[in-house]
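K.L.:
For the record, the sequence lines run as chains A and B.
Under numbering that gives the first Met the number 0, think of the first position of the first sequence as 0, with each following residue one higher.
Under numbering that gives the first Met the number 0, think of the first position of the second sequence as 0, with each following residue one higher.
Take these hints with a grain of salt, some might be off.
To be verified - List of simulated lysine-lysine pairs, PhoX-like, C-alpha gap at most 25 Å:
#1 Lys-14/A - Lys-31/B
#2 Lys-31/B - Lys-86/B
#3 Lys-31/B - Lys-103/B
#4 Lys-86/A - Lys-200/A
#5 Lys-54/A - Lys-200/A
#6 Lys-40/B - Lys-14/A
#7 Lys-86/A - Lys-54/A
#8 Lys-14/A - Lys-103/B
#9 Lys-40/B - Lys-103/B
#10 Lys-86/A - Lys-29/A
#11 Lys-86/B - Lys-40/B
#12 Lys-40/B - Lys-152/A
#13 Lys-14/A - Lys-29/A
#14 Lys-152/A - Lys-86/B
#15 Lys-86/B - Lys-54/A
#16 Lys-31/B - Lys-152/A
#17 Lys-103/B - Lys-86/B
These aren't lab readings, by the way, just hints derived from the structure by calculation.
Listed below are the residues making up each chain.
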Amino acid sequence: MSTPRLVQVRQNVLKHNDVLARVLRERLNKAGVFAVSLVSSPGAGKTAFLEQTLKQLRSTCRVAALVGDLATDNDAARLARAEVPVKQITTGTVCHLEAEMVARALEGWNLSELDCLFIENVGNLVCPSSYDLGEALRLVLMSVTEGEDKPLKYPTIFNTADVAIITKIDLAAAVEFDVQAAQQSIQSVHPEMPIFELSAKTGQGMQEWLDFLHAQVQR
Amino acid sequence: MHELSIAMSMIEMATQEAARQGAARVTALHLKLGQLSGVVKEALLFSWEVACVDTPLAGSRLVIEDAPVVVYCSRCQRERPLDSIQKFFCPVCHAPAPEIRQGKELEVIALEVQ
Numbered sequence: 000m001s002t003p004r005l006v007q008v009r010q011n012v013l014k015h016n017d018v019l020a021r022v023l024r025e026r027l028n029k030a031g032v033f034a035v036s037l038v039s040s041p042g043a044g045k046t047a048f049l050e051q052t053l054k055q056l057r058s059t060c061r062v063a064a065l066v067g068d069l070a071t072d073n074d075a076a077r078l079a080r081a082e083v084p085v086k087q088i089t090t091g092t093v094c095h096l097e098a099e100m101v102a103r104a105l106e107g108w109n110l111s112e113l114d115c116l117f118i119e120n121v122g123n124l125v126c127p128s129s130y131d132l133g134e135a136l137r138l139v140l141m142s143v144t145e146g147e148d149k150p151l152k153y154p155t156i157f158n159t160a161d162v163a164i165i166t167k168i169d170l171a172a173a174v175e176f177d178v179q180a181a182q183q184s185i186q187s188v189h190p191e192m193p194i195f196e197l198s199a200k201t202g203q204g205m206q207e208w209l210d211f212l213h214a215q216v217q218r
Numbered sequence: 000m001h002e003l004s005i006a007m008s009m010i011e012m013a014t015q016e017a018a019r020q021g022a023a024r025v026t027a028l029h030l031k032l033g034q035l036s037g038v039v040k041e042a043l044l045f046s047w048e049v050a051c052v053d054t055p056l057a058g059s060r061l062v063i064e065d066a067p068v069v070v071y072c073s074r075c076q077r078e079r080p081l082d083s084i085q086k087f088f089c090p091v092c093h094a095p096a097p098e099i100r101q102g103k104e105l106e107v108i109a110l111e112v113q
């Protein structure tokens, strides 16, 4: 048998996804669609947050949502109550969304009829961080019941996100959640990242988030 | 765990490259893995052996070169390697340093083929 020889390669493993994401981003930009993705652990309140956001935005902005889930379409059914276009992406065994899944889910949609598209990722704080979905803004959500040090435990996802949202703030006192310590954890893994504290249930803090979003969309 | 599908992508890439080189098998794959790639090294190594079965990479070694996170410190006006990915502050002057210059790599660098 011949002796082994070394072949230089230098190729990005996720090149396929990154190329598709770039194409998707250009397509969304051209159509004037501002895409926002959401990542969090399961149960942080992505769907409740998104439902409220969609309901409040729909009078001023043409919105739609894609929802990733492993098996059920429960979240899509729930979001459909916001009376905006919603489509489920069932990933099967895949623990994250990829650009290809997003592009496929958008087939048949007229992007020129949209201003803002939300993409809810599968509940997971690890795998989604590797995949660019062509979004303009990535939100990472953490709920007050998860502990202030969540960002230190999952620094990569907090670092790849653009905005942090602390959810279920109405429960903060009951679970003795230290907002300042959580903010410090977030700023430690991603200095200068904007942070919002809100409750989708009571509406507390929702307006600040919506004002921020409006400013981003209009930029 | 997305490391198994990452491993499979790498094997596909290496198989194609080996065919281009006229090689029958790949004995090692060298990967540069950034600390902020979102890929867990141990999980990838664990997946590797399983994913290589019945491919030209069966029995191959996965050699991982860790790439630390390097940030740009605007106060020092220099690139600095981070001590910890839990602290995005300049290790010298302690100013916040959100600008990442290196550490997101997930890149196949080289193959050893036969």
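K.L.:
Against each hint, give a clear statement of whether it holds in the structure.
P.N.:
Against the structure, the hints come out as follows:
Taking the CA atoms of Lys-14/A and Lys-31/B, the gap is near 14 Å; set against the 25 Å cutoff, the hint holds. Note on Lys-31/B and Lys-86/B: the hinted pairing holds, with a Cα-Cα distance of about 22 Å set against a maximum of 25 Å. This hinted pair checks out: Lys-31/B and Lys-103/B have alpha carbons roughly 10 Å apart, not beyond 25 Å. Taking the CA atoms of Lys-86/A and Lys-200/A, the gap is near 23 Å; set against the 25 Å cutoff, the hint holds.
Between Lys-54/A and Lys-200/A the alpha-carbon distance is near 13 Å, which keeps this suggested pair within the 25 Å criterion. Distance hint between Lys-40/B and Lys-14/A is fulfilled; the C-alpha atoms sit about 19 Å from each other, no more than 25 Å. About 16 Å separates the Cα atoms of Lys-86/A and Lys-54/A, which keeps this hinted pair within 25 Å; it holds. The straight-line distance between the Cα atoms of Lys-14/A and Lys-103/B is roughly 13 Å, inside the 25 Å bound, and the hint therefore holds.
With a CA separation close to 13 Å, the supplied pair Lys-40/B and Lys-103/B stays within the 25 Å bound. Proposed proximity of Lys-86/A and Lys-29/A is supported: the alpha carbons are some 22 Å apart, at most 25 Å. Proposed proximity of Lys-86/B and Lys-40/B is supported: the alpha carbons are some 20 Å apart, at most 25 Å. Taken as a hint, the Lys-40/B and Lys-152/A pair is honoured in the structure, with Cα atoms around 16 Å apart against an allowance of 25 Å.
For the given pair, Lys-14/A sits about 23 Å from Lys-29/A by alpha-carbon distance, which is consistent with the 25 Å threshold. Distance restraint check for Lys-152/A and Lys-86/B: the Cα-Cα separation of roughly 12 Å lies within the 25 Å cut-off, and the hinted pair is therefore satisfied. Of the supplied pair hints, the one linking Lys-86/B and Lys-54/A is violated, its CA atoms being roughly 37 Å apart against a limit of 25 Å. Between the alpha carbons of Lys-31/B and Lys-152/A the distance comes to roughly 23 Å, so the proposed pair stays at or under 25 Å and holds.
Proximity of Lys-103/B to Lys-86/B is assessed by CA-CA distance (about 16 Å); at most 25 Å being required, the pair is judged to hold.
Checked against the numbered hints given earlier, the structure breaks only hint 15 and satisfies all the rest.
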